[in-house]
Amino acid sequence: MEQLEQLFSTVLTRHVFLIFGVLSVIGAGAMIFSRNAVHSVIGFLLAMLSIAGAYLCLRAEFLAMAQILVYAGGIVVLFLFVVMLVEMTKYKERKIFQTQTPVALVVVLISAVTFLGVFLKTIFGKSAEVALTLNPELTGDGLNAATHNVQAVSRGLFADYLLPFEILSVILLVALVGAVVLAKSERG
Amino acid sequence: MPTISLTQSLVISLIQCVLVVVFIFVVVPLTVFAERKVLGYLQQRLGSTRIAGHLGGLTGLLNRGMWKLGKVPVLSYWRGLPGLVGDVMKMLLKEDILPTKADKFVFWIAPALSFVASVVVFATICFVPGTFFTFPTWVPFLGGLPVSGGIADVNVGLLWILGMATVGVYGIVLAGWASNSKYPLLGGLRSAAQMVSYEVPLTLSLLAPVLISGSLKFSEMSQAMAVGVPLWAIIPQVIGFLIYLTCGFAETNRVPFDMPEAENELVAGFHTEYSGMKFGFFYLAEYVNMTVVSAMAAGFFLGGSWLLPFGLQGVVNPYLASLPSWLVTLLCEPHAAFFAIKIVFLLFVFIWVRGTIPRYRYDQIMAVAWKYLIPLTLVNLVLAAAVRLAM
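So the protein sequences, as listed, match chains A and B. Take the first sequence: its position 163, counted from the start at 1, is 167 in my numbering, and no numbers get skipped. Take the second sequence: its position 10, counted from the start at 1, is 205 in my numbering, and no numbers get skipped.
If you're looking for bench data, these hints aren't it; they were derived computationally from the structure. None of these values were measured; they are calculated from a predicted model. The C-beta atom is built at its ideal place from N, Cα and C for all residues, glycine as well. Among the hints, erroneous ones may be present.
Stretch-level coverage of chain A by chain B, calculated; a stretch enters the list once three of its residues show a Cβ under 8 Å from a Cβ in chain B [to be verified]:
#: 1; segment: 9–15
#: 2; segment: 41–51
#: 3; segment: 73–79
#: 4; segment: 83–90
Listed next, with one range per pair, are the computed distances between beta-carbon atoms [what the hints assert, rightly or not]:
#: 5; chain 1: A; residue 1: Arg63; chain 2: B; residue 2: Arg240; range: 51 to 57 Å
#: 6; chain 1: A; residue 1: Leu166; chain 2: B; residue 2: Val283; range: 54 to 60 Å
#: 7; chain 1: B; residue 1: Gly550; chain 2: A; residue 2: Glu6; range: 58 to 64 Å
#: 8; chain 1: B; residue 1: Phe543; chain 2: A; residue 2: Gly78; range: 31 to 37 Å
Below, simulated BS3-like cross-link-like pairs (lysine-lysine); rule was C-alpha separation at most 30 Å, straight line [as the list claims (entries may be wrong)]:
#: 9; chain 1: B; residue 1: Lys232; chain 2: B; residue 2: Lys289
#: 10; chain 1: B; residue 1: Lys377; chain 2: B; residue 2: Lys289
#: 11; chain 1: B; residue 1: Lys566; chain 2: A; residue 2: Lys188
#: 12; chain 1: B; residue 1: Lys285; chain 2: B; residue 2: Lys299
#: 13; chain 1: A; residue 1: Lys188; chain 2: B; residue 2: Lys377
Bound conformation, chain A alone (with noise of 0.2 Å):
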């Protein structure tokens, strides 16, 4: 019975998270490889879905289910429309990618060389021993983050990162209208 119970515990807190792991690695390997448009919107899919469960796993419920709503639900649907309603066979699909490859390198080498330097920072650096909360006077007075998930960053967001956030949301709010001025002016 208390091995039952150590094997369930393991896989739970373990296992779990390597799964979905690996199938969001998979998802974007499927992504990134297929010939088919569509095949690597389905890629894409199972590494958003996936990574949100990863998410789930480390009890960020919140980001997890955002996750889900925004990028499963709303941005791979779109992508899935596009790709749908444009053949993509009808392009001579070199012309079109491979003119972004210099840009495309330069690009991912800088982030990489970013990403690596925060996982670097935060695997072995000082940062790891103490555990990430997000303000911990805020959390202290009653809400707990593992069970008021949502009540923590919305309290995060609309307290104590307010700015930022409205800035962010104002950039969006230019990006949307951006988009409707161009789709506007190519029709004429």
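Given chain A, work out where chain B should sit, using these hints.
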């Protein structure tokens, strides 16, 4: 309360899953049957009454007697029911046709996505807030342990439901694309646009309960909306309920908004090329989705597992003290049966609307969502905020 070990809680969750699946597979076939019968009566005919062979013995005698009296025999109302078994057998045994140029993998995964996304929503739907029942002590391993009214009544339950509803769109869109045929593709594209559009007012209409109850947990929301609101909260609740139900019809592709499968325009829409059990999964998913929408409407707006809808229960409760105690218990305590009855009633409303309202034109559907429903939900949200402020 005894402490629960991890293994025990896993076993209990498994039992809950089985119960929910049983609930789904009882409600869904009965809804299919009820749809045939209710639509029949709405159109002044009997609906499905025939099975192969005839009923003999006592029941046959009764039926013949009633025919002689010039009445439709009571038992023949139920005679279409065994036909459901035939339907299931047909779906399972029919040839599974794969169109020549279809994309095999996507063609196969689309119905699975559709069905799974509709069923997993039930994980966070809470039939009774708190304990559903407690195992008696003689049960081995689980004796004396409480079983809660929902499988995983997590604190992001509503977001899970909405997220899975959006994942359900993929089933339809991918089915439309993978069939490699004109009508399914048109059906898939239409449904993508329609469902993504209607998700906006649907989510906004559910924000009013979130605002009033201050939670995203299904049980807490249900409880707060049923017994924890003042009388004037009824206004945003009624408006929200009507908007939610309208969007629910659109999300499940039911009749006033059944654009993805409008049969006189698109043959059968996204599942034109599907046959056998693959079609069966789409069919099941539609009815499971209807049940989900009904369960959410019942839980958030119709008082959940309490008797009275729209938060009236909380208003009435203080005046019930003079009644005998067993009656108070019956009327005021959470009751899974009340919840189930509300779900069944809303399923009936689905069928009722199908028999009553003709299909909208496509541009009308989009106009309803963007020009009328979204502003209405925003007004409703302001009302809900006012209620919250006054509480």
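For each hint, the structure was consulted:
no. : hint                             : result
1   : 9–15                             : holds (count 3)
2   : 41–51                            : holds (count 4)
3   : 73–79                            : holds (count 4)
4   : 83–90                            : holds (count 4)
5   : A/Arg63 to B/Arg240: 51 to 57 Å  : holds, 56 Å
6   : A/Leu166 to B/Val283: 54 to 60 Å : holds, 56 Å
7   : B/Gly550 to A/Glu6: 58 to 64 Å   : holds, 59 Å
8   : B/Phe543 to A/Gly78: 31 to 37 Å  : holds, 33 Å
9   : B/Lys232 to B/Lys289             : holds, 25 Å
10  : B/Lys377 to B/Lys289             : holds, 24 Å
11  : B/Lys566 to A/Lys188             : holds, 20 Å
12  : B/Lys285 to B/Lys299             : holds, 23 Å
13  : A/Lys188 to B/Lys377             : holds, 29 Å
Comparing the model with each earlier hint shows no violations; every hint is respected.
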